[in-house]
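Asker: So you can see what is in the structure, the chains are spelled out below.
2 protein chains.
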Amino acid sequence: MQPELADAPFLQACRRERPDHTPVWFMRQAGRALPEYRKLREGIAMLDACRAPDMIAEITLQPVRRFGVDAAILFSDIVLPLVAIGLDIDIVPGVGPVVGEPVRDRAGLAGLRPLGAGDVDYVTEAVGILVRELGATPLIGFAGAPFTLASYLVEGGPSRTHLHTKALMYSDEALWHDLLDRLADISAAYLATQVAAGASAVQLFDSWVGALDEADYRRYVMPHSAKVLGSPALAGVPRIHFGVNTGELLSAMGEAGADVVGVDWRLGLDEATRRIGPDRAVQGNLDPAALFAPPAVLEEKVRDVCARGAKAPGHVFNLGHGVMPETDPGVLARVVEIVHDQ
Amino acid sequence: MQPELADAPFLQACRRERPDHTPVWFMRQAGRALPEYRKLREGIAMLDACRAPDMIAEITLQPVRRFGVDAAILFSDIVLPLVAIGLDIDIVPGVGPVVGEPVRDRAGLAGLRPLGAGDVDYVTEAVGILVRELGATPLIGFAGAPFTLASYLVEGGPSRTHLHTKALMYSDEALWHDLLDRLADISAAYLATQVAAGASAVQLFDSWVGALDEADYRRYVMPHSAKVLGSPALAGVPRIHFGVNTGELLSAMGEAGADVVGVDWRLGLDEATRRIGPDRAVQGNLDPAALFAPPAVLEEKVRDVCARGAKAPGHVFNLGHGVMPETDPGVLARVVEIVHDQ
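Chains as they are written, first to last, in my numbering: chain A, 1 to 342; chain B, 1001 to 1342.
Calculated from the structure, these hints are not laboratory results.
Computed from a prediction, not measured in an experiment: that's the story for all the values here.
You may find that some hints are simply not true.
As the list claims (entries may be wrong) - Where chain B lies over chain A, by a calculated footprint (3+ residues, C-beta under 8 Å):
#1 160–167
#2 192–204
#3 240–253
#4 257–270
Claimed, not checked - Pairs of lysine to any residue, SDA-like flavour, derived with a Cα cap of 20 Å:
#5 A:LYS39 / A:ASP20
#6 B:LYS1039 / B:VAL1083
#7 B:LYS1227 / B:ALA1215
#8 A:LYS311 / B:GLU1214
#9 A:LYS311 / B:PRO1093
#10 B:LYS1039 / B:ARG1065
Ideal Cβ placement from N, Cα and C applies to all residues, glycine included.
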């Protein structure tokens, strides 16, 4: 890794060093809030866009060019590796991933083969392009965590209650652990591919795990997330671990093997740090809805996040969840400025 | 109030006395999980059912007969008082409340007139029937809290992000407070009607307020919820205050004037009590999805809730959110038995 990249503020903050400014990037910074993204995606299905190296690279670069954020994140979708091993999953606009045959019994595991070296060549190629283009700006690779992937597979799509997922988890613990173990291997292999191709950090998204209490998290989920995060292929790159509604799980999610714990906007980063402890940095946590506030209100909220984040051993500024499609890109640019001026 | 009712275990627990068994009821205990409910509702729209005194009474009584729960809760819907003052709101099956003209400016306040004495006569009549039928079993009245009602009105229906609601709150604080003040008066009047007719406790549902952080809650919401809970008409009846995803708000929700703070399943009642303090009882908090677990797992979870609840100054057993329609009523009966046997 070139020295300028190795010392990028984002990577310094992940390592709990003190960069000269607080680094900032936004979850879903590449996406529907950007007119140049909407133009590029016109008539192209999500999964097709995620499998075209030039398109992945261009979409990933758009927010870096526009906002001067401190990190890029690979444009992809968390179900992509599941599609890559041949599962029948479509991403339906306005709905999300829809699974042809939900996995609810042992027979359903049959399709969950390991992710092989050649299954995501388009990702390897895209990361190669990006690393050249990005220079000193780090590229974050990402994958869905075992619980969140399992929820999509078991429910058959997005769910508010995760009812079938929890029912399976409670009813057939052996099958559940088999399922999550396979998903952990797939996530780990997907992240390893991105790191091998040059990604300088990874984020494991456990978007839905906040539906569990801590005891269930530790029993049914944590060992599998720990397997992903502890994968030897990830040694040496910062690992970020994020979910929403995870205020009660922050400590356990850190223990699972994260260098940086992502925090949603429901609790301050100072309190989050109290729960997580001194050995990990935090990422977050402006409410994405605050981007719709008037400038003075927004600025006060951004400064508050920075002030609380300054009490953490390391702070990567981000939103507490993804950028909403209705967001004005000019407001995101303004947030980058405010954060960099702190 | 007859002495046997005044000393009902549910009311004792709310008052932080020690009843001879832990009282239990379930949010949405009257509803689609019960075959007798589905039969009665066949071909009858939700809002029509909520305005027919005999139907309200019968549906409210069904779970008391079936499960021997320690309290009944009036069958209604949180948007009912808004319908009663003439707003154009329909409850669409599978969607929820849909508002004809979302409220997003000052002109939108015009329709929000006070709830008058005669606007909900069917509720007064239903409560009268219920108090006679229920005898020593307390009836809980309920209303939606100002924030949650505002979210429906501003979004025009259920929302995952509450984007328009928060945008209005941040952008026009004076209008926001006017809106919530009117909604507080409506909620307070609706609860007062139920108490005047004989309800022996009330629950204020702030279902969606967990979308806010504590600072925003205290600034934009708490004064209005406090106005409802502090309403003189409610003096002397226990006031329960509940929302989901409110782990970081529990202390403030108690301070708003609750005797009992409802807790979702994400944190233990012992930790919830630590946050809320010794002056209030707690209600909760079995994960509604645990009702789909095998008997041994379910029993362990119910016992764990009871054990943690025993550390609170008062404990009303409940779920951490409403009964899901797919729930087996036999399992709810079993939970009542386990709780009563502790």
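Asker: Each of the hints needs a verdict: does it hold here or not?
Answerer: Taking the hints in turn, this is what the structure says about them:
no. : hint                  : in the structure
1   : 160–167               : holds (count 5)
2   : 192–204               : violated (count 0)
3   : 240–253               : holds (count 3)
4   : 257–270               : holds (count 4)
5   : A:LYS39 / A:ASP20     : 36 Å, violated
6   : B:LYS1039 / B:VAL1083 : 25 Å, violated
7   : B:LYS1227 / B:ALA1215 : 18 Å, holds
8   : A:LYS311 / B:GLU1214  : 19 Å, holds
9   : A:LYS311 / B:PRO1093  : 48 Å, violated
10  : B:LYS1039 / B:ARG1065 : 16 Å, holds
Comparing the model with each earlier hint shows violations of hints 2, 5, 6 and 9; every other hint is respected.
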